[in-house]
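Peer 1: Sequence:
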Amino acid sequence: MIVGRRMSHPRVLVSVCIDRGQTPGAALLVVRTGPSIGARFELDRRSFGSGATQVAIIQSVAERIPRDATVLLRTPRMQDHTLRHSLILGRTLTCHPSALITRYRPDLKTICLPCERRGLLDAAKAYGIVAERDLMWTPSEAKTARDAQALWLTFLWTHCRPKERDWLASAWEAWRAIERARKAPS
117 MIVGRRMSHP
127 RVLVSVCIDR
137 GQTPGAALLV
147 VRTGPSIGAR
157 FELDRRSFGS
167 GATQVAIIQS
177 VAERIPRDAT
187 VLLRTPRMQD
197 HTLRHSLILG
207 RTLTCHPSAL
217 ITRYRPDLKT
227 ICLPCERRGL
237 LDAAKAYGIV
247 AERDLMWTPS
257 EAKTARDAQA
267 LWLTFLWTHC
277 RPKERDWLAS
287 AWEAWRAIER
297 ARKAPS
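Residue numbers (my numbering): 117 to 302.
It is worth saying that the hints were derived from the structure and are not from the lab. It cannot be assumed that every hint is accurate.
What the hints assert, rightly or not - Ranges of calculated distance between the beta carbons of each label pair, as one might list FRET restraints: (1) Gly150 x Ile227: 11 to 21 Å; (2) Glu289 x Gln138: 28 to 38 Å; (3) Ser152 x Glu232: 14 to 24 Å.
What the hints assert, rightly or not - Distance condition first, Cα-Cα at most 27 Å in a straight line; then the derived DSS-like pairs of lysine-lysine: (4) Lys279 x Lys225; (5) Lys241 x Lys279; (6) Lys241 x Lys299.
Glycine is no exception: its CB is placed at the ideal position from the N, C-alpha and C atoms.
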């Protein structure tokens, strides 16, 4: 996707991915930027019991998002024909479950990025992000952590100004190297 006009990266952006598999999981990549702090990253992941409802999962995710953040959500791509047809007939388009976060947190700004699962996997592969297997992480947490980072990178490359994109991608790579070093056996 190519965007004509580029934007500045929000001061606090939270990339949210939710997996509603057998054992649901969610991950939030929190990216904070500013002149005094540069760029700070935090990866928050959580799994839920198999009996967790969609409402409980969305509510839990919404509660963990910092105040006044901009939330980045993945929405499935929709053909222009379907979108036009729905708008002409006055039909309400179905919400992606992640979009329900705004019902619980009206203080949040939201960016919905149309992106298919394949696009996330391609971005993750390009940056060498794997669904890391960790003794403390469930497979769902690992998958959503990978996807939240890939979603943010997709946003970074398709919507942000080149200069800002370059330094944020470099800062993220440095953060990732530090996180890998922390997990390495001593």
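Peer 1: All hints are to be evaluated individually against the structure, with a verdict given for each.
Peer 2: For each hint, the structure was consulted:
| no. | hint | result |
| --- | --- | --- |
| 1 | Gly150 x Ile227: 11 to 21 Å | 19 Å, holds |
| 2 | Glu289 x Gln138: 28 to 38 Å | 33 Å, holds |
| 3 | Ser152 x Glu232: 14 to 24 Å | 38 Å, violated |
| 4 | Lys279 x Lys225 | 24 Å, holds |
| 5 | Lys241 x Lys279 | 23 Å, holds |
| 6 | Lys241 x Lys299 | 21 Å, holds |
Checked against the numbered hints above, the structure breaks only hint 3 and satisfies the rest.
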